[in-house]
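Kindly generate the complete structure, drawing on both the sequences and the hints.
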Amino acid sequence: MQWETVIGLEVHVQLATKSKIFSGSSTAFGAPPNTQANAVDLALPGTLPVANEQAFHSAILFGLAVNAEIERRSVFERKNYFYPDLPKGYQTTQLAAPIVGEGSIEINTGTDNQTSRHIRIHHAHLEEDAGKSLHEDFHGMSGIDLNRAGTPLIEIVSEPDMRNAEEAVAYLKKIHAIVTYLGISDGDMSQGSLRCDANVSVRPMGSDTLGTRTETKNLNSFRFIEKAINVEVARQIDLIEDGGEVVQETRLYDSDKNETRSMRSKEEANDYRYFPCPDLLPVVIEQKTIESLRQKMPELPDQKRARFETQYELSGYDASLLCESRELADYFEQVAENCGDAKLAANWVMGELSAYLNKENLFISQSQVSAAALGQLISRIDDQTISGKIAKKVFESMCESGDEPDKIIAQQGLKQVSDSGAIEAMVQEVIDNSEAQVLQYLAAEPDKRKKLLGYFVGQVMKVSKGQANPGEVNRILAEKLK
Amino acid sequence: MSISREEIATTARLARIRLRDDEIDDVTSRIASILDMVDQMQAIDTSAVEPMSNSLDAAQVLRSDKVDEPGDKIAAREALMAGAPAQQDGLFLVPKVIE
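Protein sequences appear in the order of chains A and B. My numbering applies: residue 1 is where the first sequence begins, and numbers increase by one. My numbering applies: residue 483 is where the second sequence begins, and numbers increase by one.
Just so you know, these hints were derived from the structure itself, not from any lab. Do not take every clue at face value.
Said to hold, decoys possible - Pairwise CB distance ranges, derived in the manner of DEER restraints:
(1) A561/B <-> S104/A: 43 to 51 Å
(2) D518/B <-> A96/A: 19 to 27 Å
(3) T47/A <-> V579/B: 19 to 27 Å
(4) E166/A <-> E505/B: 52 to 60 Å
These figures come from a predicted structure and were not determined experimentally. Glycine included, each C-beta is placed from N, C-alpha and C at the ideal position.
What follows is the structure, encoded as structure tokens:
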């Protein structure tokens, strides 16, 4: 039987506010344990929460970016469950009246990223993060660090609109791009700034009723999300085809074993007994606040991509890759402005630069090669100071030393030889040493000659250590071999 | 009865309230009488009434996003953790949670 996969995602995004959602504690990552947890975060008796305005502004910006209705009046509720890293015994969250209503985003998949689809967003709400439990050996006990408790999150809940893991990853990448373009989150998945739960079910192809879903928790990298969904889909199909039934449950992805497994302990807690939080009044947002935030909206990924396609005449694929992160897009624009050759700038940023960043495991902000320096390097190709091949060599030196390309070209004597006298001498040397090839060339039909000429060009480039101007070499060779 | 014995037992477990088996029937009938009163109120047509989420007729005042922390964070942590039954390296220690 043919099966169809149905996926909905719940994405948790940590907001980049300075202080927590209900207290003045810092949200900075990496402080000594429990030094960023005050009496409110610890839920000591007699404390009361006071909501952070910036958390609302960030959520509203997200809502505007996904064309959602902003709820003028939103209400916090208590989601009750017991877990040691949740000091209050409930999570303050939103349920019936979330800040962001229905919206949608466009995702691109397939070869060349040219297939686009709308994924509906059911709503997005504000809530607080929990602390962290450490399960290393503390004499048979667990350690609790509450620095993260109370960090503001938006939880973005999609409709079950995705049909495979690739679409789920594309959706998550788009969410990541939107929140980082807006500057409302650092989007750093390695520090848990963006986490995802995947609701997955399967049904016979053509059916329009949903199968029983499972929820796979805490997926924190694009690669794991794709793998977790694929193994969970395979598990469900095997189960049904063997005559079994999918049980609605929470599962955990084990990346070491590449499998999902049931989290039975969470099952009983699924009755959260929500009720409106008596400690917090409804939050009312003025229309003028929404309008002033709308004015501050930066250019978003889809808009930037469209502009890159028209302004720089890039392909849709190139433009979409460059716009995956705001930093990469900004870097590309600076390189393009510096060298005036957008096409070449795009190739270098996506090619050599990305390869270098991947290899060294660096963010673009940590690159040894500045946009200005890469722009200068490309200019040196354009003005024929160096060939594209030598430029790669110069780029390697730039990555190591951080020096400017002009300095490296001068120091290592890499300037292209365009002097026709010098090239002529090299050409003559190659012809003198290649008697057999010369005879073959002269005997060949004119349309075959072009291919045979490549041999001589290669030899001359070898003699010149790659520094001869290829155009000149071709011209002089063709003349001498008449 | 508007609520069953099993529902009372489950709710008590979720709220970490220990009920002896011989207490459950009594608690069930008392909570049921409260719920019966709620049922009477449910019979009133409130479709034209805005749901109330707080008894105060006011909106939440929001705080600007500023960090407000003690100067000596380690000393503040010690003070806040003074009442914890077990701790190590600045962490609260709790009975092992296994996932």
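These are the hints, each one checked on the structure:
| no. | hint | in the structure |
| --- | --- | --- |
| 1 | A561/B <-> S104/A: 43 to 51 Å | 49 Å, holds |
| 2 | D518/B <-> A96/A: 19 to 27 Å | 25 Å, holds |
| 3 | T47/A <-> V579/B: 19 to 27 Å | 25 Å, holds |
| 4 | E166/A <-> E505/B: 52 to 60 Å | 55 Å, holds |
When each numbered hint is compared with the structure, no violation occurs for any of them.
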